[in-house]
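K.L.:
Letter by letter, the chains look like this.
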Amino acid sequence: MNEKLLDIEDLRVSFHIPEGVARAVDGVSFNLAPGETIGLVGESGCGKSVTSLSILGLIPSPPGKIECGSIRFNGQNLLDLDSESLRKIRGRDISMIFQEPMTSLNPVLPIGRQVAEPLMIHQGLNRAKAYEKAADWLNHVKIPAAAKRLKDYPHQLSGGMRQRVMIAMAMVCGPKLLIADEPTTALDVTIQAQILSLMIRLKEELEMSLLLITHDLGVVAQMASRVVVMYAGQIVEEAGVADVFDHPFHPYTQGLLKSIPRTVRAGERIKRLNEIQGTVPPLTQMIVGCKFADRCPHRFELCREKQPTLLRINDGHRARCWLKEHPERRRGNV
Amino acid sequence: MSDGPLLNIVDLVKHFPLGGGVLAKPQGWVKAVDGVSFEVSRGESFGLVGESGCGKTTLGRLILRLIQPTDGRIEFEEQNIFSLSPAELMPLRRRMQIIFQDPYSSLDPRMKVDAIITEPLRAIQRLTRQQRQDTAAELLEKVGLQKADLDKYPHEFSGGQRQRIGIARSLCVRPELIVADEPVSALDVSIQAQVINLMRDLKDEFNLAYVFISHDLSVVEHICDRIAVMYLGTIIELATTEDFSNTPRHPYTQALLQAVPLPDPHRRTEPFAMEGDVPNPIDPPTGCSFHPRCPYKFDRCSIEKPPLVEATANHLVACWLNQGLGMTNVE
Chain A
0 MNEKLLDIED LRVSFHIPEG VARAVDGVSF NLAPGETIGL VGESGCGKSV
50 TSLSILGLIP SPPGKIECGS IRFNGQNLLD LDSESLRKIR GRDISMIFQE
100 PMTSLNPVLP IGRQVAEPLM IHQGLNRAKA YEKAADWLNH VKIPAAAKRL
150 KDYPHQLSGG MRQRVMIAMA MVCGPKLLIA DEPTTALDVT IQAQILSLMI
200 RLKEELEMSL LLITHDLGVV AQMASRVVVM YAGQIVEEAG VADVFDHPFH
250 PYTQGLLKSI PRTVRAGERI KRLNEIQGTV PPLTQMIVGC KFADRCPHRF
300 ELCREKQPTL LRINDGHRAR CWLKEHPERR RGNV
Chain B
0 MSDGPLLNIV DLVKHFPLGG GVLAKPQGWV KAVDGVSFEV SRGESFGLVG
50 ESGCGKTTLG RLILRLIQPT DGRIEFEEQN IFSLSPAELM PLRRRMQIIF
100 QDPYSSLDPR MKVDAIITEP LRAIQRLTRQ QRQDTAAELL EKVGLQKADL
150 DKYPHEFSGG QRQRIGIARS LCVRPELIVA DEPVSALDVS IQAQVINLMR
200 DLKDEFNLAY VFISHDLSVV EHICDRIAVM YLGTIIELAT TEDFSNTPRH
250 PYTQALLQAV PLPDPHRRTE PFAMEGDVPN PIDPPTGCSF HPRCPYKFDR
300 CSIEKPPLVE ATANHLVACW LNQGLGMTNV E
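Top to bottom, those sequences are chains A and B.
Quick note on numbering that gives the first Met the number 0: the first sequence kicks off at 0 and runs consecutively.
Quick note on numbering that gives the first Met the number 0: the second sequence kicks off at 0 and runs consecutively.
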C-alpha cells in the first residue's frame, strides 16, 4: 500500500492581478496518509483554500497560475493530467465540500438529481439505480423522509440540511480523499456539532482521508490527527495535534492559541486576550526574511535578513522559525 | 441622572407580516421577538446569544428604534423611546449607538475616514473642518489607528481596521449604550482578539453599557457580565456569566455549551449532537418552543409555555424542569 495518499511538493500558485503578482501559495509541501485527518489552519488569505483548490485543478486561470510543484495522488501527479482525466478523479476518488452550501448546490436542480449525478457519471449506473442509491445516502446523512425529498430544491432545505446534501454528494462514490473547506463555518453551533459527528462517523466507515481546512482551532482539536499551520502562503508549523496544542513552537501558532476566547468549560478564564500585533502583509509584497517578522515579539536581525526553512523540532514536528537555531533569542513573558 | 437601569425592556413584541400587500391580508406572522423583558445597567455588558433566526438582531434594532415594535416598550432612563416624537428622540439618539457586523458594508466607500467618524456628531451640530479633524483624530487614536489615516478611504483598510473605524464612529457622540451586533464574527482570530480587547478597554474608559449580540458563546462569555439566551423570539435563560457557564439550567443552553468544540485535543468529546433544526418561526411548536428537540420533554412541555422565572437568585429560566420540580442540571 502506498504510504502517501496525497503528496504535495513545493506547490507555488500565484495570481496576476493589477496590483502585481500575489503569491497565494508559496512553496507548500505536506503529505497525507490513508485514513489520516489533517487540519489545515490559518487566517483569511493565508493560502489554505488556494492549496485545496489546486488539488482538484479548480484554480481559475487566468488570473491564477500554478507556477511549479507537484501534487501526487496515489503516485500520480495531478498537475500533469489533462482536464478529461482529472474529471474522472474529481467526485470519484477526491471530493470536496465547500463552506457555503447554498452557493455550491445548483439552485435549479432537485437535490436527488445532484446526489445521483456522480453515480451516473462515474459508476455508469442507470437513472433508477442512481436515484435509489442517492436516497440511501440522503437517509445515511440523516435527512428525514429522504425518498420523498429527492425532488426538493435546495431552497426548500435549511442550512444544515443543505450541508448534509453536500456531504451525501461528496460521499456517494466512496472517495479516498475528502477535502472539506470550512464545512461548518456558515452553520449554527448545534448544527455544526451534528455535521462534525456525521463527518467523523462517515470517515471511519469509509476509511477515507480528510483534509480539513478551517480557521476554528476548536474544530481542529476535535477532528485532526495532524495540523498544518499556514501564514502568508507558507507552512509555518506542522505537527501532531497534541504537539501543536501542547508545545507550539512558532510564535504565530503560539499567538493564535493564546488569542482565542475560551468558554469556561474549555479552561480557565483569561482576563485579557493575547493580541498578535499588526496585520497580515499583502501577498503582493516581496518580503526578504521571515514573513511573520513584522508581527513577531521575538524577532532579531537574522529574521529580517534570511527566510527560515521548515526546521525539524522533533519527529514529525517542523516549524519555520530561526528560534530553533537561536533558542536564546526567545523572550520570556510575551 | 436617575438610579434606575439605563435600559428597561418590557414585554417587547415584534411580529413581521408574511406575504400580503397593500390590499391583501398578510398570510401569517413571523414572531421575531415575542415577549422579551430585561434590564441593562449603566456600564454593564449584556450578552444576547442564540442561533440564526432567534430574533437577536431584531431585538437589537428595536432597542435603537430603527424599527417599530408590535407591542411592549423600551425605556431609556425611564422614558419610553417609542412614545417620543422624532424631535424628542434626537437627544436620546446620541446616547445610544450601534456597531455593525460587516465592516465592509457598514462604511460608505466614498466618504473619507474623518467624515465617517464624525457623521453622527454632524447630524446633531455643525462642525468646522478643524473641529471635525480634531475630533476624528482623537477618536482614531483611541481605537488604535493614526492621525495620518484621516484622509484615507475605507478600501485602504483591512477588516479589523475598518471595524475600529466603525467603533470610533459609534464613540463620536459619547454614547452611554452601544448595541454591538456580531462585531467580531467577520474577523480573523488574531484580529478578533484585538477588537475584543479594544471594546473592553473602551467600556472601562467611558463607562459604556453594551448589548453584545453574538452567536459565539466563547466571545460572549469573555466580554459580558450577564447573558441572555434567545430561542425563537423569547429569552429562555438569563443569568450572570458565572452562572451561565457553570450551572446552565435550560436544556437548550446546556446543549449550546456542549456543542462548542473545545480547543483541546486531549478532551475529545463526541460532539453532543442535539437532533433537529431550529423550528420554523412562522409556525412555532406549541407549548415550549424547544420541546421537539429537548431530550427531557414531558407532557406539559407541548401544551403550556413555561414562563421565565427565577430558579436561583438572579438566574432566570423558562423551563418546566426548573419550576420547583427539583430536576435541574441534568448531565
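Some hints could be false.
[Stated by the list, open to error] Label-pair ranges, simulated between beta-carbon atoms:
1. Gln155/A x Ala312/B: 18 to 28 Å
2. Asp101/B x Pro59/A: 58 to 68 Å
3. His265/B x Leu57/A: 51 to 61 Å
4. Thr268/B x Glu66/A: 56 to 66 Å
5. Arg299/B x Asn30/A: 54 to 64 Å
6. Pro143/A x Ser301/B: 16 to 26 Å
7. Ser301/B x Ala144/A: 18 to 28 Å
It should be emphasised that the hints constitute simulated quantities derived from the structure, not laboratory data.
Ideal placement from N, C-alpha and C gives every residue a C-beta, glycine not left out.
K.L.:
With reference to the structure, classify each hint as holding or not holding.
P.N.:
Against the structure, the hints come out as follows:
1. Gln155/A x Ala312/B: 18 to 28 Å: The hinted range 18 to 28 Å is violated for glutamine 155/A and alanine 312/B, with Cβ atoms some 46 Å apart.
2. Asp101/B x Pro59/A: 58 to 68 Å: 25 Å, violated
3. His265/B x Leu57/A: 51 to 61 Å: The hint (51 to 61 Å, Cβ to Cβ) is violated, given that histidine 265/B and leucine 57/A are roughly 36 Å apart.
4. Thr268/B x Glu66/A: 56 to 66 Å: Taking Cβ atoms as reference, threonine 268/B and glutamate 66/A lie about 43 Å apart, which means the hint is violated.
5. Arg299/B x Asn30/A: 54 to 64 Å: The hint (54 to 64 Å, Cβ to Cβ) holds, given that arginine 299/B and asparagine 30/A are roughly 57 Å apart.
6. Pro143/A x Ser301/B: 16 to 26 Å: Taking Cβ atoms as reference, proline 143/A and serine 301/B lie about 19 Å apart, which means the hint holds.
7. Ser301/B x Ala144/A: 18 to 28 Å: 21 Å, holds
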